[in-house]
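K.L.:
What follows is each chain in one-letter form.
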Amino acid sequence: MARTLFSTNHKAIGLNYLWLALFSVFLGLAMSLLMRIHLVWPGIRFPFLSGSTLERYAALTTFHGSLMVFPVLTAAPQAGFGNYFLPLQIGAREISFPKLNRLSFWATAASLLGLTIAFLVAPEAGITIWIASVAVFSVASLSNGINFSVTTLDLRARGMTLSRLPLTVWAWFINAILSTLIFSILLAASVCLLSDRLLSTHFFPLNFLAGQPASFVANFLPVLWQRLFWFFAQAEVYIAMLPCFGLTTHLISTFSRKPVWMERLVVLALCGVGVFGFCVWGQHMFVSGMNPFSPLVFSLLASSLGLPAAILLISWLGTLWNARLQLNTSMLFAIGFISLFMAGGVSGIFLARHDLAAAAVSDEFITGHFHLVMGVAATFAILGALFFWFPKLFGRRLNESLGKLHFWLTFGGVYLVFMPMHWLGLLTHANLYSGSGIAAIAAIVAPVRAFITVAAILLVIAQGIFLVNFLWSLFRGQQVEERNPWRATTLEWNVSSPPPADDFGAIDPVVYRGAYEFSVPGVAEDFVPQHLAPEQVVKAR
Amino acid sequence: MPGTTSVPEIELIVEDIGGGGGGKPPAGGDDGDGAGDGDKRRRKQSPSPKRYSTAIAIALVSILMFFMALASAFIVLRRGSDVWVTVHLPPILLANTVILLVSSFTLETARRRLTFPDPSGFRKLWLLTTGLGILFVAGQLIAWRQLVAQGVYIASNQASSFFYIFTGAHALHLLGGVGALLYVSFRKSDQKNISLSTAAEIASYYWHFMDGLWIFLLALLYLGK
Numbered sequence: 001m002a003r004t005l006f007s008t009n010h011k012a013i014g015l016n017y018l019w020l021a022l023f024s025v026f027l028g029l030a031m032s033l034l035m036r037i038h039l040v041w042p043g044i045r046f047p048f049l050s051g052s053t054l055e056r057y058a059a060l061t062t063f064h065g066s067l068m069v070f071p072v073l074t075a076a077p078q079a080g081f082g083n084y085f086l087p088l089q090i091g092a093r094e095i096s097f098p099k100l101n102r103l104s105f106w107a108t109a110a111s112l113l114g115l116t117i118a119f120l121v122a123p124e125a126g127i128t129i130w131i132a133s134v135a136v137f138s139v140a141s142l143s144n145g146i147n148f149s150v151t152t153l154d155l156r157a158r159g160m161t162l163s164r165l166p167l168t169v170w171a172w173f174i175n176a177i178l179s180t181l182i183f184s185i186l187l188a189a190s191v192c193l194l195s196d197r198l199l200s201t202h203f204f205p206l207n208f209l210a211g212q213p214a215s216f217v218a219n220f221l222p223v224l225w226q227r228l229f230w231f232f233a234q235a236e237v238y239i240a241m242l243p244c245f246g247l248t249t250h251l252i253s254t255f256s257r258k259p260v261w262m263e264r265l266v267v268l269a270l271c272g273v274g275v276f277g278f279c280v281w282g283q284h285m286f287v288s289g290m291n292p293f294s295p296l297v298f299s300l301l302a303s304s305l306g307l308p309a310a311i312l313l314i315s316w317l318g319t320l321w322n323a324r325l326q327l328n329t330s331m332l333f334a335i336g337f338i339s340l341f342m343a344g345g346v347s348g349i350f351l352a353r354h355d356l357a358a359a360a361v362s363d364e365f366i367t368g369h370f371h372l373v374m375g376v377a378a379t380f381a382i383l384g385a386l387f388f389w390f391p392k393l394f395g396r397r398l399n400e401s402l403g404k405l406h407f408w409l410t411f412g413g414v415y416l417v418f419m420p421m422h423w424l425g426l427l428t429h430a431n432l433y434s435g436s437g438i439a440a441i442a443a444i445v446a447p448v449r450a451f452i453t454v455a456a457i458l459l460v461i462a463q464g465i466f467l468v469n470f471l472w473s474l475f476r477g478q479q480v481e482e483r484n485p486w487r488a489t490t491l492e493w494n495v496s497s498p499p500p501a502d503d504f505g506a507i508d509p510v511v512y513r514g515a516y517e518f519s520v521p522g523v524a525e526d527f528v529p530q531h532l533a534p535e536q537v538v539k540a541r
Numbered sequence: 542m543p544g545t546t547s548v549p550e551i552e553l554i555v556e557d558i559g560g561g562g563g564g565k566p567p568a569g570g571d572d573g574d575g576a577g578d579g580d581k582r583r584r585k586q587s588p589s590p591k592r593y594s595t596a597i598a599i600a601l602v603s604i605l606m607f608f609m610a611l612a613s614a615f616i617v618l619r620r621g622s623d624v625w626v627t628v629h630l631p632p633i634l635l636a637n638t639v640i641l642l643v644s645s646f647t648l649e650t651a652r653r654r655l656t657f658p659d660p661s662g663f664r665k666l667w668l669l670t671t672g673l674g675i676l677f678v679a680g681q682l683i684a685w686r687q688l689v690a691q692g693v694y695i696a697s698n699q700a701s702s703f704f705y706i707f708t709g710a711h712a713l714h715l716l717g718g719v720g721a722l723l724y725v726s727f728r729k730s731d732q733k734n735i736s737l738s739t740a741a742e743i744a745s746y747y748w749h750f751m752d753g754l755w756i757f758l759l760a761l762l763y764l765g766k
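Protein chains in written order, with the working numbering: chain A, 1 to 541; chain S, 542 to 766.
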């Protein structure tokens, strides 16, 4: 146990991140249930939510959001799967700086501990601890980003050119570059905020407002925080999504038995998402009082994100077209990702319009949007990857029947929970504008909120199926005899399951082709692994 | 932990012209083999020292973003304030700047001695550089004390907050650089993963960057007055 916890091996560290994420996601789900129950049935009292209800509810929301955004969405697909499989997929034996990697993991774990303590203590101390935890997480992400970037650039196996990189690796690499740039901003903002709280400085001072001119107060101080925060946070959602794009593309190709359609354009689209992520922070500040021409610019930029998203969508659909689909659980989750990404993404185009967003929706619309596109879609990609790589990680298979049951219940459940939120957002806003009283609005929205809460409770219960499947399969799952049960092409499928300590044994792998050589004409098999020398490829008769 | 696999420094990564369909791996490499069994039976390689250069380049960009965030906050608040209280910068800051510039010069001279080779000359100049770096940090602490003596604390006003944060963050990063210089000075000569000249080169990138960053921060503080 100690060897695994304190190991510098990239596979052990990757698994540690995944365990951390598993713990965090169930804790975060529990917090979300508490929020929904309190929203709909405020009379129900929970022991640790007593006291000042407003503050405890705010703490609950913060804790839920922090858990889901940081250890789950930021760490799991990137640091979790990335740590385990990036070196394997590029033919490296280890990450470039193993001790730094171990430090990154333990900083992430410390950050999670801090976030939890922040929720449990009084607000004043809790807020300070929360900011410090976020700063620590930023340092962990920065180090992880440097490690992944250097590994991808300098530790590729012979023959692994950039054009032969799997799209998962491209996504992890672009994400790593983005992380090293963006988390510095969050770190700087956190340092200023902590300094204000602990050293009484005046970066974002509320008490300093007295004596300042009204224009200064209105325009600069809150907007400064918003600018710093959203410059980080908008790119952060792409940090959460980029690995999921890579994972989904990889799974779609593997289980369609077809190459990725427009593979090079997909790489450009991933780069485009990364670049655009820097340019659209203002889409969260339409009503902040900034320069009146700014919303137009940010609207155009935010809407332009539809272009790389469209390229990705066309690639996925083009890969699926006329394919011999293998509809196992992993593929179902990948296709489910496409559905959820589109559903949430379309409402994003609507929100990118500053005139429409301000005039037509309230917060619940936005909650529905980002949960669909960032929360559940990303979770589907993570689950798809877990079903795909479980045999490699543990040498056993997850149960497919339970997996498919879990998928359909979750897929239906998330739509039942989050789509009505869009409707509620439109409804609430329209009624407020028409002058309806609070009681009248409450009479309309209360049943819908209750429906959402009941659906959420059932949805969370359905995740128990996954938990049972996962834990049972860890110890009693069907053992995988072959190295490559999915007949996939990338390098990790050429080693034993689980891989040996030094990944590839005595011989370094050599790469001869791209990562998506499926259904190659003239070849007997419907896939050609990357490591197979040309003379070893069996021709079709 | 076994060593990592790496692309040898002298090997060109040739793009796959044929779309990746069953092509041979790039020719060349450390053993001069072409495609075939010789390539497949490639033994474990030691890690490439190129990764340190790549790492420091990316880390410097990251550090730059951190300071740019602080600088942009400074510019936004300075421009928007009608009641900005100026901090009179202690003159010792100029002396500290000269010390830091001299340390960059001694560092480069030390690296040139290594190419002669003149290890003892290198060591002397390298330690001198380290000493100058420590002297710079000490000078910054004196500047802080002078400001405190004038009644200007970190919480006095926004200008003083930025001054202390800028100089404090820079000094902390410079101390990291001092640590790197000490590591290069006292590393064991039998360390195979990175040569002395490479370690010195990477440390020099970081040191010169800290130099340039300090010039930028000082200019910002002066212009902000």
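No lab work stands behind these hints: they were computed from the structure. This structure is a prediction, so every number in the text was calculated from the model and none was measured. Each residue gets a CB set at the ideal place from its N, CA and C atoms; glycine is no exception. Hints should not be assumed to be uniformly reliable.
[Said to hold, decoys possible] So the derived list for chain A, only partly shown, Cβ under 7 Å to chain S, looks like this: (1) LEU142; (2) ILE185; (3) LEU224; (4) GLN226.
[What the hints assert, rightly or not] Computed cross-link-like contacts, DSS-like style, restricted to lysine-lysine with a CA-CA straight-line distance of at most 25 Å: (5) S/LYS591 to A/LYS99; (6) S/LYS729 to S/LYS591; (7) S/LYS766 to A/LYS99; (8) S/LYS729 to S/LYS665.
K.L.:
Each hint: holds or not?
P.N.:
Structure-based check of each hint:
| no. | hint | in the structure |
| --- | --- | --- |
| 1 | LEU142 | holds, 6 Å |
| 2 | ILE185 | holds, 5 Å |
| 3 | LEU224 | holds, 5 Å |
| 4 | GLN226 | violated, 11 Å |
| 5 | S/LYS591 to A/LYS99 | holds, 18 Å |
| 6 | S/LYS729 to S/LYS591 | holds, 20 Å |
| 7 | S/LYS766 to A/LYS99 | violated, 44 Å |
| 8 | S/LYS729 to S/LYS665 | holds, 17 Å |
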